[in-house]
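Number of protein chains: 2
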Amino acid sequence: MSVPHDRIPTPAWNAWGSGEDASPLDESLRALLEEGLGVPRRDTPPVDESEVRLRESELPAEVRSELAGIVGASRVRTDDHTRLRHAGGKSTPDLLRRRSGEAEVADAVVFPGEHAEVENVLRCCSRHGIAVTAFGGGTSVVGGVEPLRGGFAAVVTLDLARLDGLLRLDTESGTATLQAGLRGPEAEELLGAHGYSLGHFPQSFEYATIGGFAATRSSGQASAGYGRFDDMVVDLRAATPRGTLGPGRAPASAAGPDLRQLLLGSEGTFGVITEVTVRIHPVPAEKHHEAWSFPDFGAGSAALRELARTGALPTVARLSDEVETGLNLSSEEVGGPAASDGCLLVTTYEGSAEHVAARHSEAAELLRAAGGASLGPEPAISWERGRFHAPHLRDALLDVNALAETLETATSWANLHATHAAVRDALTESLTEQGTPPLVMCHVSHVYPTGASLYFTVACARGREPVEQWRRAKRAAAEAIAAVGATITHHHAVGLDHREWMTAEVGDLGVEVLRAVKSAVDPEGVLNPGKLVPPE
Amino acid sequence: MSVPHDRIPTPAWNAWGSGEDASPLDESLRALLEEGLGVPRRDTPPVDESEVRLRESELPAEVRSELAGIVGASRVRTDDHTRLRHAGGKSTPDLLRRRSGEAEVADAVVFPGEHAEVENVLRCCSRHGIAVTAFGGGTSVVGGVEPLRGGFAAVVTLDLARLDGLLRLDTESGTATLQAGLRGPEAEELLGAHGYSLGHFPQSFEYATIGGFAATRSSGQASAGYGRFDDMVVDLRAATPRGTLGPGRAPASAAGPDLRQLLLGSEGTFGVITEVTVRIHPVPAEKHHEAWSFPDFGAGSAALRELARTGALPTVARLSDEVETGLNLSSEEVGGPAASDGCLLVTTYEGSAEHVAARHSEAAELLRAAGGASLGPEPAISWERGRFHAPHLRDALLDVNALAETLETATSWANLHATHAAVRDALTESLTEQGTPPLVMCHVSHVYPTGASLYFTVACARGREPVEQWRRAKRAAAEAIAAVGATITHHHAVGLDHREWMTAEVGDLGVEVLRAVKSAVDPEGVLNPGKLVPPE
Numbered sequence: 001m002s003v004p005h006d007r008i009p010t011p012a013w014n015a016w017g018s019g020e021d022a023s024p025l026d027e028s029l030r031a032l033l034e035e036g037l038g039v040p041r042r043d044t045p046p047v048d049e050s051e052v053r054l055r056e057s058e059l060p061a062e063v064r065s066e067l068a069g070i071v072g073a074s075r076v077r078t079d080d081h082t083r084l085r086h087a088g089g090k091s092t093p094d095l096l097r098r099r100s101g102e103a104e105v106a107d108a109v110v111f112p113g114e115h116a117e118v119e120n121v122l123r124c125c126s127r128h129g130i131a132v133t134a135f136g137g138g139t140s141v142v143g144g145v146e147p148l149r150g151g152f153a154a155v156v157t158l159d160l161a162r163l164d165g166l167l168r169l170d171t172e173s174g175t176a177t178l179q180a181g182l183r184g185p186e187a188e189e190l191l192g193a194h195g196y197s198l199g200h201f202p203q204s205f206e207y208a209t210i211g212g213f214a215a216t217r218s219s220g221q222a223s224a225g226y227g228r229f230d231d232m233v234v235d236l237r238a239a240t241p242r243g244t245l246g247p248g249r250a251p252a253s254a255a256g257p258d259l260r261q262l263l264l265g266s267e268g269t270f271g272v273i274t275e276v277t278v279r280i281h282p283v284p285a286e287k288h289h290e291a292w293s294f295p296d297f298g299a300g301s302a303a304l305r306e307l308a309r310t311g312a313l314p315t316v317a318r319l320s321d322e323v324e325t326g327l328n329l330s331s332e333e334v335g336g337p338a339a340s341d342g343c344l345l346v347t348t349y350e351g352s353a354e355h356v357a358a359r360h361s362e363a364a365e366l367l368r369a370a371g372g373a374s375l376g377p378e379p380a381i382s383w384e385r386g387r388f389h390a391p392h393l394r395d396a397l398l399d400v401n402a403l404a405e406t407l408e409t410a411t412s413w414a415n416l417h418a419t420h421a422a423v424r425d426a427l428t429e430s431l432t433e434q435g436t437p438p439l440v441m442c443h444v445s446h447v448y449p450t451g452a453s454l455y456f457t458v459a460c461a462r463g464r465e466p467v468e469q470w471r472r473a474k475r476a477a478a479e480a481i482a483a484v485g486a487t488i489t490h491h492h493a494v495g496l497d498h499r500e501w502m503t504a505e506v507g508d509l510g511v512e513v514l515r516a517v518k519s520a521v522d523p524e525g526v527l528n529p530g531k532l533v534p535p536e
Numbered sequence: 001m002s003v004p005h006d007r008i009p010t011p012a013w014n015a016w017g018s019g020e021d022a023s024p025l026d027e028s029l030r031a032l033l034e035e036g037l038g039v040p041r042r043d044t045p046p047v048d049e050s051e052v053r054l055r056e057s058e059l060p061a062e063v064r065s066e067l068a069g070i071v072g073a074s075r076v077r078t079d080d081h082t083r084l085r086h087a088g089g090k091s092t093p094d095l096l097r098r099r100s101g102e103a104e105v106a107d108a109v110v111f112p113g114e115h116a117e118v119e120n121v122l123r124c125c126s127r128h129g130i131a132v133t134a135f136g137g138g139t140s141v142v143g144g145v146e147p148l149r150g151g152f153a154a155v156v157t158l159d160l161a162r163l164d165g166l167l168r169l170d171t172e173s174g175t176a177t178l179q180a181g182l183r184g185p186e187a188e189e190l191l192g193a194h195g196y197s198l199g200h201f202p203q204s205f206e207y208a209t210i211g212g213f214a215a216t217r218s219s220g221q222a223s224a225g226y227g228r229f230d231d232m233v234v235d236l237r238a239a240t241p242r243g244t245l246g247p248g249r250a251p252a253s254a255a256g257p258d259l260r261q262l263l264l265g266s267e268g269t270f271g272v273i274t275e276v277t278v279r280i281h282p283v284p285a286e287k288h289h290e291a292w293s294f295p296d297f298g299a300g301s302a303a304l305r306e307l308a309r310t311g312a313l314p315t316v317a318r319l320s321d322e323v324e325t326g327l328n329l330s331s332e333e334v335g336g337p338a339a340s341d342g343c344l345l346v347t348t349y350e351g352s353a354e355h356v357a358a359r360h361s362e363a364a365e366l367l368r369a370a371g372g373a374s375l376g377p378e379p380a381i382s383w384e385r386g387r388f389h390a391p392h393l394r395d396a397l398l399d400v401n402a403l404a405e406t407l408e409t410a411t412s413w414a415n416l417h418a419t420h421a422a423v424r425d426a427l428t429e430s431l432t433e434q435g436t437p438p439l440v441m442c443h444v445s446h447v448y449p450t451g452a453s454l455y456f457t458v459a460c461a462r463g464r465e466p467v468e469q470w471r472r473a474k475r476a477a478a479e480a481i482a483a484v485g486a487t488i489t490h491h492h493a494v495g496l497d498h499r500e501w502m503t504a505e506v507g508d509l510g511v512e513v514l515r516a517v518k519s520a521v522d523p524e525g526v527l528n529p530g531k532l533v534p535p536e
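Going down the list, the protein sequences come from chains A and B.
Take the first sequence: its letter number 289 is residue 289 in the UniProt record's numbering, and every next letter is one higher.
Take the second sequence: its letter number 158 is residue 158 in the UniProt record's numbering, and every next letter is one higher.
So that you can see chain A by itself, here it is in the shape it has in the complex (with noise of 0.2 Å):
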């Protein structure tokens, strides 16, 4: 069973979208950017295909033929087309580099159609010293899926879109087997068939795929609900330059470590997964949603801890800081004026009718007593209408001068307050200093009984080098989260960006650890170099 790909419409090699949902911005954006963060109005649009040069592929006839060999000639691609379209992931940097014509290419788009054709790339890869960097939806905001070379002869994107079928259902343990290369609405769509969903809804759910999720452990709208992307996980399937690796167990096991854990966030360094086995559940029969209004973010994120330790969370829990609300995530997303004043929380509730009235009660109950109002439907149906829409809403301000981008961190409760603020002081201090002072908002989205994520957008006029703007705001931003003591990241992953802050994240002897694992799997070390392991 697989999806028809035309459905989705391919995105941009230089922008989230695909352009055909792009949409202007309207005017009291326009107004905001150029009264409240000083941003000329000028547009700053993308150069041409045409313009980008993109170096000669040198892969080497022998890889290349050999290569054939295992997936056919016609899909070991090496046009500038299907480079440029691999040129690596989605943060706004990526964006500003290729849209002003600079594009890192590998040397051959590779497309494997299964698992035993991914194993024997690996194979031939590790043989001749090629490096191999793993794509999925190509979302990465974190630099994932750069093509590196690494020192190696050539580098070789492996593009896992032929891998998008649903392989096993078995709806009486609750678990689908899906192929790595499956999107979101394509996994959600053959799910859905027989009446099931995965519950899996990060913003990133147009393009991104089952086996970037499992890869870069990521965590969707719903995660209060559903649970992270690594906790749905029940079983993966890797392909490494020395074999398979699954460690299928049972639902839970005292079999030793969870080696399953080594593979989920292992971002193609210890092997590319190929198929993923993750808990579902039935299409939820009821559907409640419900926004709240707390007097601030301590009030807010309080009422979040107390449903979270009293194990009566939402499907959906979403709480916007002050300063979110206010802008309202643009009026046409959250609406409603009522919903701009002290702090937004989204609520959606999902599952059976007796389930949903059962914990609607519980929880409203709780956040009644941490002094929430309920501001009725509206808001929460209204910004669900537009969840997967703010990185589109980016494309169209990097069309306008402006800049914009994302960063994430996760903490304890008892962290949480001095978290946000340090991380948004350093980010205000920063851009302030560059002469670009900026808005930077914040929510909370995914919560747990210790502590919860927060999710920064920052935007600000574009200053004359954006990429090295950036570049010295998100370093200002990742030394306060490390000062502070909360994760580097709670969902983007680690990537090229973040590699330098593994050490702070799992000590020295950790970092040993992963090269130890690595060398296991991948001795040439041909697997997505440079990405996530510390260099020795």
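No lab work stands behind these hints: they were computed from the structure.
Among the hints, erroneous ones may be present.
Now the stretches of chain A that chain B is said to cover, found in silico as 3 or more residues with beta-carbon under 8 Å [to be verified]:
| # | stretch |
| --- | --- |
| 1 | 97–109 |
| 2 | 375–387 |
Selected chain A positions facing chain B (in silico; Cβ < 10 Å) [to be verified]:
| # | residue |
| --- | --- |
| 3 | Pro185 |
| 4 | Gly256 |
| 5 | Gly311 |
| 6 | Val447 |
| 7 | Val506 |
The structure presented is a predicted model; accordingly, all values stated were derived computationally and were not measured.
Ideal Cβ placement from N, Cα and C applies to all residues, glycine included.
For this one, chain A is given, so just place chain B on it according to the hints.
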């Protein structure tokens, strides 16, 4: 903060319990043994301690003096009394061997008092080629704490009892940092003084330790409500011969593979866990007990599956199969003749009054819809009262010529009944062939959205060579478990007894990954040799 140890009775060297808590079997049970299982009435008392001959300590004088320099001379013990009390775990074969006077002992028992001492002991032993077995409560039933030399000159047991403090309590985040040597009741007492509880109540609760819970992926009877121990862990700290591992991170993170999951379940082979930061809960304000009767195991397990999928699980959910229900776990424990027909489900609900009411109402409706009939609170209260009793009962059974042992597994819901039948049949066939037809009882005590655990209790007459008798039965069960695709252990861990099944569990390459991790943190291989990781 620490708890005086003398309040917990020290377990006997040849039994689960201390002896003080021993109660002779009641007449109805003795009759069942004789008439139902053909156990001839004969007392089979253990030998006296004075009859046990231990091998001499061969700890090199140089090492002894170095260890004494680290922990103090009085904390390096080589006397027989101490060594015998660290002579391995508490499986039935362990007890049978010790009851007959056989004991595998270490060359010394060392009692470090803090993390740095543990690390220095490990460095010293690694340098001198001395094996080290970490020892918490000594309750392993898989040979996990058996002091094996593994080709080294000597073996030292590291008793962690002095690591008995509550290091940090963060009530805002709901976490506590506990030292590894704290036993279950000690940890609960320290937390209880502040109004908190861990909610981890495995059958070994009375003796087992925080470090052991983490090192073996323990799962408690209230796992439906509070999670498995590995779910509760936010952070841990482990000493290794190469330094400290402390993969601390936020409640959730996408910063690469989760290295905590390599320490969880590592059974002292990758390092010695010295501190664990765990999620805690307010001592529940309300507790509701309710037992249910289901017509059969199929109906009962389908009901549990519904609860797990809906997210409406009680705090405790424990379903006995027909045999276990019929035997009623010896009538004084579960109580009431109404509870001995069909299949008994014990549920308890803990938390705030509102949470208990909401959760109970939702769950009860699902249980009724699934064919359950409420039996009221009594059988559940009665079960709870006796919930740590079963291994003490085993002591009594071993005294009267019976053989009793348990084993456990977990699998998907779709595979649950096939696994139940396969293991029951394998045990029954093997023991019947050996002339000792058994009683095989089973219950589900840990449920997940995608599957559940199965816990088997076996009782039969003791054969002439009971260690070999059980070895054969256990092998038949393990082969059945592997053949049916379930996990070799849900919460008893691997140790010696399950080691040969690890390749079936994680694959050849998975085993190589385990070896690579071990080499990185324990290059000389001194940590708990022979356990968990299959030899090359």
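Each hint, compared with the structure:
Interface restraint, the stretch 97–109 of chain A with chain B: violated (0 residues with C-beta to C-beta distance below 8 Å; minimum three). Counting residues of the stretch 375–387 of chain A whose C-beta lies closer than 8 Å to any C-beta of chain B gives 0; at least three are required, and the coverage claim is violated. Residue-level restraint check for Pro185/A is violated (minimum Cβ-Cβ distance to chain B is 22 Å; threshold 10 Å). Hint status for Gly256/A relative to chain B: holds, with the closest Cβ pair at about 5 Å, below 10 Å.
With a least beta-carbon distance of about 7 Å to chain B, the hint placing Gly311/A at the interface is held under the 10 Å criterion. Hint status for Val447/A: holds, given a least beta-carbon distance of 9 Å to chain B, under 10 Å. Against a cut-off of 10 Å between C-beta atoms, the interface hint on Val506/A holds, since the closest Cβ of chain B lies about 5 Å away.
Of the numbered hints given earlier, the model fails hints 1, 2 and 3; all others are met.
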